[in-house]
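As given, the protein sequences belong to chains A and B, one line each in that order. Going by this note's numbering, the first residue of the first sequence is number 1, and it counts up by one from there. Going by this note's numbering, the first residue of the second sequence is number 278, and it counts up by one from there.
Do not rely on the hints blindly, as some may be mistaken.
To be verified - Calculated lysine-lysine pairs in the BS3-like style (CA-CA distance at most 25 Å, straight line): (1) B:K546 with A:K75; (2) B:K706 with A:K28; (3) B:K662 with A:K265; (4) A:K255 with B:K561; (5) A:K28 with B:K486; (6) A:K255 with B:K662; (7) A:K273 with B:K546; (8) A:K28 with B:K454.
None of these hints come from the bench; they were simulated from the model.
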Amino acid sequence: MAKIVNREEMAQGTIILNEIEAPRISRKAKPGQFVILQADETGERIPLTMADTNPEKGTITIIYMIIGKSTARFKELMVGDEYFALIGPLGKPTHIENFGKVVCVGGGTGIAVLHPIARALKAAGNDVTTILGSRTYDLLIMEEKMKSASNTLHICTDDGSHGHHGFVTDVMKKVLEEEKIDLVVAIGPIPMMKFCSLITKEKNVKTFVSLNPIMVDGTGMCGCCRVSVGNETKFACVDGPEFDGHKVDFDELAKRLASYLDLEKDSLAAYEKCKIK
Amino acid sequence: MADKKIQVPRATMPEQDPDVRRRNFEEVPLGLSSDMALTEAARCLQCKNPACVDGCPVSVDIPGFIKQIAQNDFQGAINKLWERNALPAVCGRVCPQEEQCEGKCILGKKGSPVAIGYLERFAADRERKTGTGEVPAVAETSGKKVAVIGSGPSGLTVAGDLLLKGHSVTIFEAFHKAGGVLVYGIPEFRLPKEIVASEVSALVKMGAKIECNSVVGASITIDELFEEGYDAVYIGVGAGLPRFMNLPGENLIGIYSANEYLTRTNLMKGYLFPEYDTPIARGKHVVVLGAGNVAMDSARTAMRLGADSVKIVYRRSRDEMPARAEELHHAEQEQIEFVLLTNPTQFFGDENGRLTGMECLKMELGEPDASGRRRPVPVEGSEFKIDCDLVVVSVGSNANPLLTNSTPDIALNRWGNIVGDPATGKTSKKGVWAGGDIVTGAATVILAMGAGRAAANSMHDYLTLGW
Numbered sequence: 001m002a003k004i005v006n007r008e009e010m011a012q013g014t015i016i017l018n019e020i021e022a023p024r025i026s027r028k029a030k031p032g033q034f035v036i037l038q039a040d041e042t043g044e045r046i047p048l049t050m051a052d053t054n055p056e057k058g059t060i061t062i063i064y065m066i067i068g069k070s071t072a073r074f075k076e077l078m079v080g081d082e083y084f085a086l087i088g089p090l091g092k093p094t095h096i097e098n099f100g101k102v103v104c105v106g107g108g109t110g111i112a113v114l115h116p117i118a119r120a121l122k123a124a125g126n127d128v129t130t131i132l133g134s135r136t137y138d139l140l141i142m143e144e145k146m147k148s149a150s151n152t153l154h155i156c157t158d159d160g161s162h163g164h165h166g167f168v169t170d171v172m173k174k175v176l177e178e179e180k181i182d183l184v185v186a187i188g189p190i191p192m193m194k195f196c197s198l199i200t201k202e203k204n205v206k207t208f209v210s211l212n213p214i215m216v217d218g219t220g221m222c223g224c225c226r227v228s229v230g231n232e233t234k235f236a237c238v239d240g241p242e243f244d245g246h247k248v249d250f251d252e253l254a255k256r257l258a259s260y261l262d263l264e265k266d267s268l269a270a271y272e273k274c275k276i277k
Numbered sequence: 278m279a280d281k282k283i284q285v286p287r288a289t290m291p292e293q294d295p296d297v298r299r300r301n302f303e304e305v306p307l308g309l310s311s312d313m314a315l316t317e318a319a320r321c322l323q324c325k326n327p328a329c330v331d332g333c334p335v336s337v338d339i340p341g342f343i344k345q346i347a348q349n350d351f352q353g354a355i356n357k358l359w360e361r362n363a364l365p366a367v368c369g370r371v372c373p374q375e376e377q378c379e380g381k382c383i384l385g386k387k388g389s390p391v392a393i394g395y396l397e398r399f400a401a402d403r404e405r406k407t408g409t410g411e412v413p414a415v416a417e418t419s420g421k422k423v424a425v426i427g428s429g430p431s432g433l434t435v436a437g438d439l440l441l442k443g444h445s446v447t448i449f450e451a452f453h454k455a456g457g458v459l460v461y462g463i464p465e466f467r468l469p470k471e472i473v474a475s476e477v478s479a480l481v482k483m484g485a486k487i488e489c490n491s492v493v494g495a496s497i498t499i500d501e502l503f504e505e506g507y508d509a510v511y512i513g514v515g516a517g518l519p520r521f522m523n524l525p526g527e528n529l530i531g532i533y534s535a536n537e538y539l540t541r542t543n544l545m546k547g548y549l550f551p552e553y554d555t556p557i558a559r560g561k562h563v564v565v566l567g568a569g570n571v572a573m574d575s576a577r578t579a580m581r582l583g584a585d586s587v588k589i590v591y592r593r594s595r596d597e598m599p600a601r602a603e604e605l606h607h608a609e610q611e612q613i614e615f616v617l618l619t620n621p622t623q624f625f626g627d628e629n630g631r632l633t634g635m636e637c638l639k640m641e642l643g644e645p646d647a648s649g650r651r652r653p654v655p656v657e658g659s660e661f662k663i664d665c666d667l668v669v670v671s672v673g674s675n676a677n678p679l680l681t682n683s684t685p686d687i688a689l690n691r692w693g694n695i696v697g698d699p700a701t702g703k704t705s706k707k708g709v710w711a712g713g714d715i716v717t718g719a720a721t722v723i724l725a726m727g728a729g730r731a732a733a734n735s736m737h738d739y740l741t742l743g744w
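Between the sequences and the hints, there should be enough to build the whole structure, so can you do that?
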């Protein structure tokens, strides 16, 4: 179980795709839901929102960026290897209906999370305009898949290597000015989601974001993933991971994500040193 | 004869020295030697109508197993225990014996009760270390399939009882390791995980199947379990939703629920970081809010993770602290401070969102409240600050709605706990029983086991007689 049946390296090897055998999860999972993965007995529990599911084949797809020891360890798992633990589907699914005109904004591995959501929104009859961003074009993932999941696709790169030279927020602003948009879904790095939400709040356009706080159990049992939404504390694992972007305290989320930064650096350094030996 | 027995003093449990143990995760009590156990067992009066058995939620034949120890038949003793209790090594360690069996022991009226807990632990440890490894024989197979949701104390009890009666049992566990609160909650120094693993493996030897990483309600629903051919379901998922205090600053970095703090440390082995990958903050000045057993576990864990100071902050007085006397005693020996009649009002942090301290109010005791305990009342103008870099909130748990939301036809009370028949654990849904904290709210290991025992009997009737 939890065997990797397909593996791809993306964005110059900084982002990895795993298609994993998980018949039960693949049948139940809906867009917006996540799984928790653990590479081995000594590993951390890492939550990742699913990028795709294939119920016929009995597989799910996850896409992760290598940022610390745990994801570096994930990277070593090849086709045929198994994860020690795979739990899901967890969290609330995205609310899908025909809203009308929808703008999907994605950055980094947030694009992977956005993919099944955009596809479901399009299938529900929405007119989906997708805006994807990356630092440089070589780091952009899933362009083709997002093209087919959307009616219109815009690409933005910070360095101008492809598409619009600048941020996703520039293009989103323009789209919001040109036509009446019923919903924005923004998934990516925290600053991206924060600034998208600030802009759409001004324009009074309903906005969902998908949050990625640190988690342990993922079932509401520990409260590690608490986020401030409006004036309430929510558990992202069971109340989310999607929330009203206009109400999320992104600054608190960013700080909480840095809770273990020093320990994580030590852990990764020790791991890399060990690998060199 | 009786007088003579009273004169033999109760065995004293050898323990790790407090100054040493407060910095390590090894078990605190070291266990009785065979000689000590023989002497202690000989103190038992072998009452004809033993009050101790009435005090035991699973009705262990206490004089029976003690008699076997006294006769030097240690295998006989463990067999006696197993007749009523699948987890003797656990119960010998974590049961509140002073309120149960030992609290009723006739010797306790004039002197000290028989150390029933120590003897239970002795018999179980002896079997684990030197015994045959044999497990109780199971009855001929009934052809019935039972799903047990949750592998904590009540689920393990149900599994053990129904296996003995010949039913096929599959245990569904959300985490990657079986044991529930016994592995994620209770610390290594109070209940070594090797013991839980050994009690679980005995169930596996008896034929139990364990499906880890299965969150019933998310991975699979109860109705789907019935569709897959299960004849009956037991829900023993625990309480599982930590309470916070809803105070300003409670989301600062460094404030943990007890569930998170203990899960990171125990289940994920954060105390062995970086050998294990899950980090845990090592606070210098730690405050634990609450005064139950879980609060004591958290405080003593913080001390072992290297804290300079650990304070229990509790709004009532010493007499109302809900933790077992032994836990309070152990905590005090390990230099945990009790800051009583004190209630937090807010938390302070730095520019990075990290906890730096908290504000508290002094309390005084007023009239008794609904719980019968005197209600703490704030003393006006008594605000003061405690500097701290780590806080563990240990003020109880509510019912986790993940499973019950997915099963709307199971009746809940107004707090979200499952309504189960107190005598049988039967729920409003046909073929479904429930017990332990998801029914009662947070309680003890042995009460959960008692509920499991009652449910298993009722489930057996249902599976064999149809009611």
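Against the structure, the hints come out as follows:
no.: 1; hint: B:K546 with A:K75; in the structure: holds, 23 Å
no.: 2; hint: B:K706 with A:K28; in the structure: holds, 23 Å
no.: 3; hint: B:K662 with A:K265; in the structure: violated, 33 Å
no.: 4; hint: A:K255 with B:K561; in the structure: holds, 20 Å
no.: 5; hint: A:K28 with B:K486; in the structure: holds, 23 Å
no.: 6; hint: A:K255 with B:K662; in the structure: holds, 24 Å
no.: 7; hint: A:K273 with B:K546; in the structure: holds, 22 Å
no.: 8; hint: A:K28 with B:K454; in the structure: holds, 23 Å
The structure fails to meet hint 3 from the earlier list, while all remaining hints are met.
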